[in-house]
Amino acid sequence: MSRKYYFSSESVTDGHPDKVCDQIADAILDEALKLNPHAKMAVEATIKDGVVLVYGEQNLGPDLKDVKLNYSRIAKDVLSDIGLDEDQYNVITLVGDQSADIFNKVVLGNEVAAGDQGIMFGYASNETANYMPLAIDTAHKLSKRLSDLKRENKHIRPDGKTQVTVLYEDEKPVAITKVVVSTQHSEAINLQDLKDLILTEVINKVIDPKWLTPETEYIVNPGGRFVIGGSFGDSGTTGRKIVVDTYGGMGRIGGGCFSSKDPSKVDRSAAYYCRYVAKNIVANGLADRCEIQVAYAIGLTKPLSVYINTFGTEKIDIDALYAIVEKNFDFSVSNIIQELNLLNPIYRKTANFGHFGRDGFTWEVVKELVK
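Okay, so the sequence shown: first residue is 28 according to my numbering, each after it adds one.
Just so you know, these hints were derived from the structure itself, not from any lab.
Check before you lean on any hint, since a few could be wrong.
Claimed, not checked - With a cut-off of at most 30 angstroms between alpha-carbon atoms, the simulated DSSO-like pairs for lysine-lysine come out as follows: (1) Lys75 / Lys61; (2) Lys222 / Lys205; (3) Lys61 / Lys171; (4) Lys75 / Lys103; (5) Lys237 / Lys222; (6) Lys398 / Lys376; (7) Lys171 / Lys394; (8) Lys394 / Lys61; (9) Lys237 / Lys342; (10) Lys92 / Lys171; (11) Lys354 / Lys342; (12) Lys237 / Lys75; (13) Lys103 / Lys181; (14) Lys342 / Lys398; (15) Lys354 / Lys394; (16) Lys199 / Lys394; (17) Lys92 / Lys31; (18) Lys222 / Lys188; (19) Lys31 / Lys95; (20) Lys181 / Lys376; (21) Lys329 / Lys398; (22) Lys199 / Lys31; (23) Lys171 / Lys75; (24) Lys376 / Lys92; (25) Lys95 / Lys75.
To be verified - Pairwise CB distance ranges (calculated): (26) Pro89 / Arg252: 41 to 47 angstroms; (27) Arg100 / Asp124: 39 to 45 angstroms; (28) Ser107 / Arg279: 51 to 57 angstroms; (29) Asp235 / Asp90: 49 to 55 angstroms; (30) Ala350 / Thr227: 39 to 45 angstroms; (31) Lys394 / Gln115: 54 to 60 angstroms; (32) Ser213 / Ala350: 26 to 32 angstroms; (33) Tyr245 / Asp175: 15 to 21 angstroms; (34) Val201 / Arg252: 34 to 40 angstroms; (35) Gly88 / Asp386: 27 to 33 angstroms.
Glycine included, C-beta positions come from ideal geometry on N, C-alpha and C.
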């Protein structure tokens, strides 16, 4: 019997207050890595109205122990890049030194150990060209286009959300049934003109017509007027969009956010590696869908467990699949950092529109597997 169901995922623009904070945190991390690729950072942000609080722990290294990053300047540069008026914001900084107890557990001679315990997941599916679930992939493309539109049209403001519903039959996507776009806007545009603008300049420019049907429903600003937005309409905090950052709910998440964390924090680096492994399994035709789970403990260099779930779509015996993964991938923390080249200041670019499914990141590279 054919199984039919609907699945929805959301994304947010670069001006959403949670994403503002993610970008500030990752911009700070990038500045630290420029000074020392081995810097250990966990500096986050919270924003409400005109106040930005930057807080956390830093360790720039023994040669830079007296150096303090200009957190206020970094935060204001991010606000300005997004299209916000930096003069409207006051930045309060509360950043201390990383605990020596934590540092001594993470740096073990030439080896890097996990900076915390936890579980991480990676996911891939062959339902799109970039091996992402269709709903989150489309939602991200819509939010990226909406973020770009604010630079082209004076009526579009930085804050916004998108959401996409996909119809599945027998575990395969067959149509996009609903598209929701909510955007902050100027006083000067009425709701009908806004709907026409979003349909023409966002939805029609992003979604592949093959997924659309005459019954597809387009919902623009269902709440009506959305003039007051961003931090003046809501608060934001680093790490509150972990489902948006990953697979839109289609793949599981470990619970730890990515932004603000240097590569020794396996919440980030191991999640990237799990995506890398899962994507390579699917891209090499070994399964239609794949999810990888790993578990780490603070101070240990290797994972406690590795679990592969192909949801019954594997093309070879599952034991043979485990053997291929063991032959081609090394989940030790040091190798993850080295193989994915994670000591570079790349993290601000990851903060918007998903950490997965976009070109330009090492964990998205497909390689030929040794079998």
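Hint check results:
no.	hint	verdict
1	Lys75 / Lys61	holds (29 angstroms)
2	Lys222 / Lys205	holds (15 angstroms)
3	Lys61 / Lys171	holds (27 angstroms)
4	Lys75 / Lys103	holds (14 angstroms)
5	Lys237 / Lys222	holds (22 angstroms)
6	Lys398 / Lys376	violated (34 angstroms)
7	Lys171 / Lys394	holds (28 angstroms)
8	Lys394 / Lys61	holds (29 angstroms)
9	Lys237 / Lys342	holds (28 angstroms)
10	Lys92 / Lys171	violated (38 angstroms)
11	Lys354 / Lys342	holds (18 angstroms)
12	Lys237 / Lys75	violated (41 angstroms)
13	Lys103 / Lys181	holds (22 angstroms)
14	Lys342 / Lys398	holds (13 angstroms)
15	Lys354 / Lys394	holds (13 angstroms)
16	Lys199 / Lys394	holds (25 angstroms)
17	Lys92 / Lys31	violated (58 angstroms)
18	Lys222 / Lys188	holds (14 angstroms)
19	Lys31 / Lys95	violated (56 angstroms)
20	Lys181 / Lys376	holds (25 angstroms)
21	Lys329 / Lys398	holds (23 angstroms)
22	Lys199 / Lys31	holds (9 angstroms)
23	Lys171 / Lys75	holds (23 angstroms)
24	Lys376 / Lys92	holds (27 angstroms)
25	Lys95 / Lys75	holds (24 angstroms)
26	Pro89 / Arg252: 41 to 47 angstroms	violated (54 angstroms)
27	Arg100 / Asp124: 39 to 45 angstroms	violated (20 angstroms)
28	Ser107 / Arg279: 51 to 57 angstroms	violated (37 angstroms)
29	Asp235 / Asp90: 49 to 55 angstroms	holds (51 angstroms)
30	Ala350 / Thr227: 39 to 45 angstroms	violated (52 angstroms)
31	Lys394 / Gln115: 54 to 60 angstroms	violated (47 angstroms)
32	Ser213 / Ala350: 26 to 32 angstroms	violated (59 angstroms)
33	Tyr245 / Asp175: 15 to 21 angstroms	holds (19 angstroms)
34	Val201 / Arg252: 34 to 40 angstroms	holds (35 angstroms)
35	Gly88 / Asp386: 27 to 33 angstroms	holds (32 angstroms)
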